[in-house]
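> Could you build the full structure based on these sequences and the hints that come with them?
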Amino acid sequence: MSDDQSFMNYSPDEFESDAEFEYEDDDEVVEVASASQSDDGVVDDDYDDDEGDGEFEEGDYENDNAGDASDFKQEDTLSTKKDLVEYKAHSTKDLVAKLSAQTKNISSVLELTDDNALTLLQFYSWNSERLMEEYMDDPDRVKTAAGVIVDGSTKAGSTFKKYNKGEFMCFICCDEKTQTYQLSCGDEYCLDCYSKYIKDKTSSGKVIKCPNCDVALNSQDLDFIAGEGESFKLIESSIKEYVERHRSYKWCPSVDCPNVVEILNFADIPNIVSENHVPVVTCNHNHQFCVSCSFENHTPVPCGIAKQWVTKCKDDSETANWIMSNTQQCPKCDSSIEKNGGCNHMTCKKCRYEFCWICSQDWTSHGTSYYQCTAFRDNPNDKAKNKEKEELTAKQKLRNLTKNSLKKYLHYYNLYAVHESSTKLDDKRCKFVEEKVRELQETSGISWIEAQFLVESAEALLKARKVLKWSYAFAYYCDRTGLLDIFEEVQAKLAESVENLSKLFEIEDPLEIVRNKLEFLNKSHFLQERQKAMISCTLESIDYGCLSGKD
Amino acid sequence: MTTSILTSTLQTIKTNWQTMSVRQRLLKEYRTLEHNNLDGINPILTENLHLLYADIKIFDNELYQDTYRVKIMIPEQYPYVSPVVIFMKSTEDNINTIPIHPHIYSNGHICLDLLGPAWTPIQTINSLLISLQSILASNSRNERPSDDEKYVAKAPKNPSKTRFVYHDETI
Ligand SMILES: [Zn+2]
Ligand SMILES: [Zn+2]
Ligand SMILES: [Zn+2]
Ligand SMILES: [Zn+2]
Ligand SMILES: [Zn+2]
Ligand SMILES: [Zn+2]
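Same order as they appear, the protein sequences are chains L and X.
First residue of the first sequence? That's 1 in the UniProt record's numbering, and the numbers climb one at a time after it.
First residue of the second sequence? That's 1 in the UniProt record's numbering, and the numbers climb one at a time after it.
If you are wondering where the hints come from, they were derived from the structure by calculation, not from laboratory data.
Heads up, a few of these hints could be off.
So, partial list: chain X residues that the calculated Cβ filter (under 7 angstroms) puts toward chain L [to be verified]:
#1 24
#2 28
#3 119
#4 121
These numbers were taken from a predicted model, which means no experiment stands behind them.
Here a beta-carbon is modelled for each residue, glycine too, at the ideal position from N, C-alpha and C.
As structure tokens, then:
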């Protein structure tokens, strides 16, 4: 056992470096849930009682208190009306108000205190109908199960107690304590232990029960033990539960964004997706995302392909990153070359051969502009070489094939990644420029309306860059046909326009920026036209069966 | 209760938070473990307060004829979070098998809700060992979890990093 003695200071963090493995991941759980999902998007997995479904429509008991949520919206990215998502954007605050209203409703209908109504709702994962149904059937059973004290029981409420040293020994910490808390069940522990006990539990959104029995800690208990506002934390985390429970609600997937979108035509989403349209919504913080993938707006790529691409990039990112961040062989002299910057124009130190990092071809074949390297083509020279070596064993052939498909993947992945990082730079740049102009507004007489062109141009640039980025993922999954050549022409033009507008944002002098207003407007307009062309070209390519979806 | 008392209470909690250790609780638990002499459960304490072992014997179940050993690691946050418990082998002590059970993986990891969300600070190492003994004693299925191979191939060293789904509480 000697090897185990090294375990002197064990803490779970010690294992942090281990890959996290989820035995059954969230997706699987969601799948199970979706099997019993009812029409209005309320997940119905926790209860197997199948009578009385639809007897209570949740909406009947809810005040729609979220009126300050932004109104019904539609996205303009795609063609016809029936393809669009109808939705409401909510902030966390809206949802807290919604849940409070739902709680008040339950407390008045079932004649309970707000505290008890809240506990019951949390216990029933915010399924009001089910709660009412079962409550009307047998209120005592429901209360007991949820840990709400049954009326008329002899047990008293919670009490805070003080002792002299030596009078109370806490069962949990085995220490003599002077301040304790006792729930109505009679179980009594020191305040410290209670405080530690609830610490990580308030973020679960679930009912917190006595460590020893089923009695629930209500908001007064929580606020007393952990301080004012603790019960509010529990309500806030209840939102998580609520959103998970209602499949028509989606979190904005942007990092740290607390906003939620409520999809009104939830039942139409599968149709929209199957028509190869992207169900895009915009959250209260102006993030666009696809509600089917819970991923950024990936127009023009259909959802299925987008998911495939994202998974592939995740799986292959190690290989790709290793290869791209490490050496490559000079196509001419085979000496190894390290890539040391973002530029794809490589020069071999040994033989001075200039080539493109992405396609390994002579740099001169690219002309002077970087963005023409959008085409991955089978290298005719490679083919000739392969013919020479027909005696290749099957194994070697297979290896060559994977090498070739890896090369193809790296080509598109690199372009995708380049535009992803450029998006971040653009975003920074646009914000910087907007800031400059805002300063100018204060010092000179330029009005806010007059400066709006800049905001619009920035938005157009970011949108188009995203479409461009995703078009490379699309191209990866296309068969090489004449149509793909056209696609790539449109793509190169879009890339050109993106870079042109992006360049305009490099102007530092605010006065110069304002002087260039017309230029900004023209370039954005042009860019939007090319973006539209890219999107319709994508849809056409799909219609003509160009999209194989094969790696 | 007035706000001033509440504030002072919170202050006490905050100061105690840092200084309080699990030592007292563990020492008491170890005393109980040593004096209890549970049938078929033999705790092996080490010099490290946060590490112990226990040999478990099962009676009246022909599936489990051997002696099995668990390694119990006590995290700093104990008893507010559960111990980490793994079945292990020891050739030195002639313990050669991980018990076969639908919730025990061949690497010794245990899928038991008591070691996860169902843990409360009221439970003890003692009660945990009794639960482990009883899930073995009451089992009649001579099989590993259905995803054993997949799980063992990718499992982290520390099973508390695994988010088990406790789907079947009847076993
Ligand atoms: Zn205590
Ligand atoms: Zn209790
Ligand atoms: Zn957002
Ligand atoms: Zn999507
Ligand atoms: Zn060279
Ligand atoms: Zn190239």
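> None of the hints should be skipped; say for each whether it holds.
These are the hints, each one checked on the structure:
1. 24: Holds, because the Cβ-Cβ distance from residue 24 of chain X to chain L comes to roughly 5 angstroms (cut-off 7 angstroms).
2. 28: 4 angstroms, holds
3. 119: 10 angstroms, violated
4. 121: 4 angstroms, holds
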